[in-house]
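Trainee: Each protein sequence line maps, in turn, to chains A and B.
Taken in order, the first sequence gives residues 1 to 221; the numbers are from the working numbering.
Taken in order, the second sequence gives residues 1 to 227; the numbers are from the working numbering.
In short, the hints are calculated from the structure, not lab data.
Among the hints, erroneous ones may be present.
Facing chain B, from chain A, some residues (calculated, C-beta under 7 Å) [said to hold, decoys possible]:
| no. | residue |
| --- | --- |
| 1 | G44 |
| 2 | L93 |
| 3 | G95 |
| 4 | L97 |
| 5 | K101 |
| 6 | F112 |
| 7 | F117 |
| 8 | G118 |
| 9 | G122 |
| 10 | A124 |
| 11 | L126 |
| 12 | L175 |
Idealized CB from N, CA, C, for every residue including glycine.
Okay, here's what each chain looks like letter by letter:
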Amino acid sequence: MEPCPAMIASDPPPPIPLLQAEGLAFARNDEPVFGPLDFTLNPGDVVLVEGDNGSGKTTLLKVLSGLLQPNSGRIRLNGEDLTLARLSHQVALLGHLGGLKLDLTALENLRFAIGVFGLRSGAAPLPALASVGLEGYEDVPVRSLSAGQKKRVALARLLLVPAALWLLDEPYANLDKSGIDLVNRLLDAHARRGGAALVTSHGAYAFTSGTPRRLPLRPTP
Amino acid sequence: MRYGTTASACAAVIRRDLLLTWRRRGDALNPALFAIMVVVMFPLALGPEPNQLANVSVGIVFVAVLLAGLLALDNLFRGDHEDGTLEQVVLSPHPLSLLLGSKILVHWLSTALPLIVISPALAEMLHLPRSVMPVLIVALILATLLLSLLGAVCVALTIGMRRSGMLLALLVLPLYVPVLIFAAGACNAAQMGLPFLAPLLWLGAALALALVLAPLACAAALRISIT
Numbered sequence: 001m002e003p004c005p006a007m008i009a010s011d012p013p014p015p016i017p018l019l020q021a022e023g024l025a026f027a028r029n030d031e032p033v034f035g036p037l038d039f040t041l042n043p044g045d046v047v048l049v050e051g052d053n054g055s056g057k058t059t060l061l062k063v064l065s066g067l068l069q070p071n072s073g074r075i076r077l078n079g080e081d082l083t084l085a086r087l088s089h090q091v092a093l094l095g096h097l098g099g100l101k102l103d104l105t106a107l108e109n110l111r112f113a114i115g116v117f118g119l120r121s122g123a124a125p126l127p128a129l130a131s132v133g134l135e136g137y138e139d140v141p142v143r144s145l146s147a148g149q150k151k152r153v154a155l156a157r158l159l160l161v162p163a164a165l166w167l168l169d170e171p172y173a174n175l176d177k178s179g180i181d182l183v184n185r186l187l188d189a190h191a192r193r194g195g196a197a198l199v200t201s202h203g204a205y206a207f208t209s210g211t212p213r214r215l216p217l218r219p220t221p
Numbered sequence: 001m002r003y004g005t006t007a008s009a010c011a012a013v014i015r016r017d018l019l020l021t022w023r024r025r026g027d028a029l030n031p032a033l034f035a036i037m038v039v040v041m042f043p044l045a046l047g048p049e050p051n052q053l054a055n056v057s058v059g060i061v062f063v064a065v066l067l068a069g070l071l072a073l074d075n076l077f078r079g080d081h082e083d084g085t086l087e088q089v090v091l092s093p094h095p096l097s098l099l100l101g102s103k104i105l106v107h108w109l110s111t112a113l114p115l116i117v118i119s120p121a122l123a124e125m126l127h128l129p130r131s132v133m134p135v136l137i138v139a140l141i142l143a144t145l146l147l148s149l150l151g152a153v154c155v156a157l158t159i160g161m162r163r164s165g166m167l168l169a170l171l172v173l174p175l176y177v178p179v180l181i182f183a184a185g186a187c188n189a190a191q192m193g194l195p196f197l198a199p200l201l202w203l204g205a206a207l208a209l210a211l212v213l214a215p216l217a218c219a220a221a222l223r224i225s226i227t
């Protein structure tokens, strides 16, 4: 029996997930690192990737950003297949390296990021630095900032770039209590704006607000 | 949301790298100092006879410039790779080849241009006839641009390795040899009063090819070696 046209019209269109992974697996030199994984991230989702050291959390984020090619499975970003050569501007990666030039000031580092990635509408470098608690450190070379302050500069970069999907590798590392709260606040605000985030953590820090979805990674035997 | 244009992304890379060069301007002079040291050694070893020095002056200047460039080559992507900014550049929505091309341009400006600026002084120290000087400078500009572009591809290939110095030299030298032969050949011909335009034109043709292809090869090599 054919459905009547009125029923079709009243159905809401299925939302396009921001990120969709199907049977995603990665192996290094024929040794499986993680997977196969299936998960979906909708706008507003914050997912905590949990796993022991060496369970492939960082590798997963690199695969999702397109820096590494998965051995099997597919990644879809806004319904489009993700390839390394055609990376979309939807992904912002906060790696454990930080991606900051130590000889440049915090402000110069952020200006470079804006030049290369673009600028989120309504965002500006100085307010972004202020909102991560680095007011007054704009013109200090990153080299002379502490590890936690460097992390905060990297977080300010996330606020400026237009990416909707944040891939955060151990964002809580090196941060004090107020820094951990700051990351949670930034994630909340990002989710409310319709963004999504995948956050790795070895489980030492818990989210203060709400219960995020968890994506457990187990080391493959 | 504003993603910016590719031109503004390239401008951001150029501005940042120039700023970094300025912050570490002492390091930027290393290749030029190295070339001066090499050239100063030769009259001491060969003797101060002007005719003898004039005969070998072109070769000495080019070898000094080539080795000085090789010395600076490894730093082209190394620093960016170690602090994670290279990863960010690769993730940029703009064409990686153009962003890397901008980096290569700044690298040439900061390492090769000082060498070209001091080269008349080096040649003068070795009694190269002044009439050959314009040919020397044109050949140096063409050759150093080619060396930077070819070298960048090799650096991109070896960036994944921790100690790549020796391998980089092995990869780069066969590519540098033809450039050296044509560039020094043009100057030697000019010194002997022979036509020198043909080797310069060959260098220019190779440069036109490398300008288009090397950044593309560099981007492909970088993607392979950071994964």
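Trainee: Indicate, hint by hint, whether the structure satisfies it.
Mentor: Outcome of the hint check:
1. G44: violated (18 Å)
2. L93: holds (6 Å)
3. G95: Interface hint status for G95 of chain A: holds (5 Å vs cutoff 7 Å).
4. L97: holds (3 Å)
5. K101: holds (6 Å)
6. F112: holds (5 Å)
7. F117: holds (6 Å)
8. G118: Because about 4 Å separates G118 of chain A from the closest Cβ in chain B, which is inside the 7 Å limit, the hint holds.
9. G122: Since the shortest Cβ distance to chain B is 9 Å, the answer is violated.
10. A124: violated (12 Å)
11. L126: Status violated, d = 17 Å.
12. L175: violated (18 Å)
In terms of the numbered hints stated before, the structure departs from hints 1, 9, 10, 11 and 12, listed from lowest to highest.
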